[in-house]
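Number of protein chains: 2
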Amino acid sequence: MQSVNLAATLALITEYWSPKAVGSVNGLHVKLVKLKGEFVWHAHEVEDELFLVLEGTLRMQCRDGDLSVGKGEFLVVPHGTEHRPVADDEVHVLLIEPASTVNTGTAGGERTRAVEWF
Amino acid sequence: MQSVNLAATLALITEYWSPKAVGSVNGLHVKLVKLKGEFVWHAHEVEDELFLVLEGTLRMQCRDGDLSVGKGEFLVVPHGTEHRPVADDEVHVLLIEPASTVNTGTAGGERTRAVEWF
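Residue numbers (my numbering), protein chains in the order written: chain L, 1421 to 1538; chain Y, 1421 to 1538.
Each hint should be verified, as a subset may be incorrect.
Unchecked claim - Facing chain L, from chain Y, some residues (calculated, C-beta under 8 Å): (1) Val1460; (2) Gly1492; (3) Glu1493.
For the record, the hints were derived by calculation from the structure and aren't laboratory data. For glycine and all other residues, C-beta sits at the position ideal for the given N, C-alpha and C.
All chains, full assembly: derive it from the sequences and hints.
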């Protein structure tokens, strides 16, 4: 067993929108990601996705409006829900989601990234 | 969908060692808990348990020594691992664990608390 320091690990991340796995709990992965700019609209067929904002303010676009998620707040996007994360300024996020989750969900495309372990 | 503010929710918690459920993601629960003092030695038969420290420093006693988990750090205690959380001063923790997890694990006893939803 070993504890993981979030800020120290985030400092090693150089690419935006590329989640890194840093832990595993009951089949879900804990991932860290830096966001800046706009992502693509997508949904996950079977995976819920938890976004815990560690720095900055995340704007989560949904089909019925935007949700603002500030530092120290979390949001769970249920499976099947179309969403597009937007980071007007840099945002640091801790994700909790199944190991199988692909960052672009069923949308796919050039923004898709394989998740590496840190 | 609605975001949850961790500090505002923690401010409503008045009892130590009594986790409150504040979210659900793929069958796991997100819980918030305030700790102070020593808990009981226990293990969870099938549930891993993630401790993310939001305030203070958690001392996790394990059979092979103590682990210190500071603010902004997390620790996953794998199922079957005996542990005893100790908070020398007040500690605020976000837990990620299966809905089925009992705070005292297989040890049971008077420190057992039913988890309420906030």
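To see whether the hints hold, each was checked on the structure:
Interface hint status for Y/Val1460: violated, as the beta-carbon distance to the closest one in chain L is roughly 19 Å, over 8 Å. The criterion of a C-beta within 8 Å of any C-beta in chain L is met by Y/Gly1492, whose closest approach is roughly 5 Å, and the hint holds. Evaluation of the Y/Glu1493 hint against chain L yields a held restraint, the C-beta minimum of about 5 Å falling below 8 Å.
Checked against the numbered hints above, the structure violates only hint 1.
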